[in-house]
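Enquirer: The residues making up each chain are set out below.
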Amino acid sequence: MRELPLLSRHQSIVAVLLVGGCLVAYGCKQAQVEKPVTADIAQSDPDSQLLFWHTLAERPLTSNDDAFHGMLLYLDERDDCPDYAARVALLKQRGLLPASFNQPASAAVERGTVAVMIVKTLSIRGGWAMHVFGPTPRYALRELMSMSILPYSSPQQIFSGAEFVGVIGALEDYQKSTGGKKPASPTTAPAEGVSSS
Amino acid sequence: MTARFVRTASLALLVAAAPVMLPPALAQTLPAEEPTTAPDQTIEALQVVVVEVQGTVRVRMNRDAEWQPATVDMILGEDAELRTGPRSSVTCAIPPDQVFTLDRLGTVSVLEAVRDGKTVKTDLALKYGRVRLDVQAAGVEHRAVIRSPSSTLAVRGTDVVLYDQPPYKPVAQSYTGKAMFGYAKRVVPVGGKAFAQVEAGSSGAAETALVSSVVDPRSGLARTPAEQQLINNEISRGAVLTFDPIANISVIRGGAGPLPDSQFAMNPPGALNFFLRWSGNADLNLTVTFQPGDGESILLSGNFQPTELLYPGYSLDTTASGGRIAFDHRGGPNGGTETGYWPSVQPGLYGVSARNISGDTANFKWNVIADGQPVTIYTQELTKGTQIQRSISAGQEIVGIILVPPSALLESIFPDDTPVVGSTVTPSSIKASKKTASNRRNSLSKVQAGPTLPVQPVGPRAKNQR
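Listed in order, the protein sequences are those of chains D and Y. Using the working numbering, the letters of the first sequence correspond one by one to residues 1 to 197. Using the working numbering, the letters of the second sequence correspond one by one to residues 1001 to 1466.
Hints were generated in silico from the structure; no laboratory data involved. Take the hints with a grain of salt, since some may be wrong.
[Said to hold, decoys possible] Lysine to any residue pairs mimicking SDA-like chemistry, simulated, CA-CA at most 20 angstroms apart:
1. 176(D) with 1394(Y)
2. 92(D) with 136(D)
3. 176(D) with 1316(Y)
4. 1365(Y) with 1375(Y)
5. 176(D) with 1365(Y)
6. 120(D) with 1245(Y)
Here chain Y stands alone, though its shape is the one from the complex:
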């Protein structure tokens, strides 16, 4: 067995999942140099297949080989090393059911990728940077470990990210499943049924979340009564209020879900209100654009040039004409609600969008209330309704337009909308980031290309932000 990249002694606690016999995948049977298994078992070296390359990525087959550009479908083996530049990433698949992604400015080596009888063993060495590993647990025993100079992440059939880059503390994230995070002779579990993040040195995900939480630095006096009412309404029903210092907006998570049709508009925060209510474990974002003037003329001219944009965060949660979004609801098991509103009804053409930022497929409802009366929404399917219901999957965006005041002409032209809803329960799985890449690998039926790493930055966290 060739030399391995391990600087520190670290614990890698491994738990075997239920083993199930699977047919061999793309693999070559190699003679074991050190026979450690029973005579009837074979150690098969697994191939590592490059499935996606973004930016500048170089690979070498071993430490003595020359660096060469990484290309899709390139096949690597043990001792292969990959490194990326800025704004770059590379995704590799290890058949039958593992995918890892190396993010920008990182270096990772494949120490081990073998099938030892009924067990698939994967050992990655992250020199620095960030790597995400997804292991489909069903059906076969996995022993997957990501090592870095100061930490170890043992994966139990899950979707995890390990970030280890000076001068920041190592951070482990688990999107699904449970992993064991070893740091400085200490091992803490990460993850379970929901997303969890553990920073090295903390006692677990709860402490990491507590240290990372901040008090809304804005004065309570800066909230309008309407905003406070909206927030109080969510908190009173079990939601948790935090503050995102990067997005610079209050964040609501969890809660009892959206109010029913009979209640949501009982106390609207403004005179003109845009409601986005959704069910399903997803984070949806409401966006409202606005161009003042005669909405019908603007629409018929085909020259919609919004002058204002309302978005939950990044200083876009208020507009010059008084539009506001009080918080960014980031969902929960029961869904959520986001409301954009204006203190007065401003005539013009409004664009509204619902975007599924992350999570499962969700069913959502749009409603617009002006001076207590429902306003017609026109959909991209060229239908109309005072309540639009749709199903939206992760990454998808659905748009509509609203005219204030309403247009009798358009109301007479557009047919009534039919609600389109679907099941909100979908298994969390990695989807192919590129259709062409996934089509080429039809033979790897159990492998799915990994997505790009999460948009939210991982890693650096200031201490003692309260």
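Here chain D stands alone, though its shape is the one from the complex:
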């Protein structure tokens, strides 16, 4: 087998700088979902809800819009928000999303974002880190990992559609096992003029 030529020290340094430069320039760009499920299925009737869940389960990625629509369907059994901006505003109003959240609808939802929503939904106080730093994505995720609601993950990791549906199922299992009641007040679309970012 032909041996590859060794790089000189100078060439090695240049190669490393080029690779590093590419990473810096392009970054770890957030994955995008070309067409969220909510583009076609966003109604609240039972058939549409079922179609939404099982269509999402077959998608390779879960977008922010899909995840927030799904959370509202799970929490309130309906989602009257007309668009993504309204969902974000409503979730911020309910404290499930931080006020600084400003990701686009088509971006793939991060596990840390979902973890914070679940922790706040379940009113989990967590350990000392969550008491000190609050339910940040990192510690919310770690808390859910220790409770076996989420598998080992990192906050920036994303969900496939089937994985997000599975997490919602695990959330339901947890609430059932603890005798949790249905949380949250019914969804209402935010009043006009409410900022979405």
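Based on the hints, put chain Y in the right spot on chain D.
Expert: What follows is chain Y alone, placed relative to chain D:
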């Protein structure tokens, strides 16, 4: 034969039970497209009958049909597909003796449901979600398989659950009987005489249990001497101590069973103690509620408003006035004991409840000891006694009340209690979840509707929790 939903090659080891001729159930005789049996044998397609629907459930007769709402008594056949939404489930019966339940957010297809001579063949394809299959083994040979994208569960006449849902590892549970769990070209047995759970990738139920076990994260210094004594007493008699991170309480399993009447109160952990002792293979839970004040006045006013609740787990195992339950005894073949206690005798009205969380019918005894003296318990049958004995079946709850200090008036009114005990040996079987549904299906005398799936979550387990 129509197309089947199988993505991976998996092994399904099947063991035939003793075959016994049975009269044909509700079935239609269909001509076999591929004759694989002897000329005198007939392949009968079995019907799948929907017996229970909860929440949003849709069904379609085949892949080309439209989805329609599932209703009770709907009859399905091979290639039928069911799917559920959140907080939903559907239970179907396959005569003569099989029941399967699809839990929330899942999709399952019936690949095969036939009687081939003396063998009943059932093949379910779980696309994702969780399905429970119960097969009554007695009397007929069964070949039942549940397939999922990454695992296979071959059922040998038992009660099993298969959970396969990303991003979690597939998990197989067996409540009774033995099944074979195939995962990534590996097959491990699941179950036997007792409950067992195997997570995909492990070598068996023992490894799964070991990986799932956790060390009580609370400091040993957090236990009072009384709690430690209670736990040590159980462990010294063969019980196993673990910790439930969800319920956040120490869990005791197994052991030699409850102490006899002559010994249980020799070293009570507190000044006021509520003892629940039971025999029988069941998990009973003790609950104590408390309203301080004059117990007699509270009771006669009919306005019992407990301000404290003592329950084994979920941060309810301690109360503001010092009430504690040291552990949740989850039973074993010899029964168990749970004790709620207060460090001081607090006057008021107490409510006590025994609930059979799971398992067989059990006989239990209530005792309340205050400052070393037995306290009268009043039962829901309006009797009284310092020791109450009852028989309690799975899912049942029995309650009583206690007044501290005792009330002479009530003691003079209520008659003495008569112990009510029964046999603690009952066959583990699926009970009808709805009486109306079971009454409608009197003709399916060998079929029983399946229960809802277990309350305990199945599936996601963090690695390396020690």
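Enquirer: Let me make sure I understand: some of the numbered hints might not hold for this structure. Which ones are they, in numerical order?
Expert: Hint 5 contradicted; others consistent.
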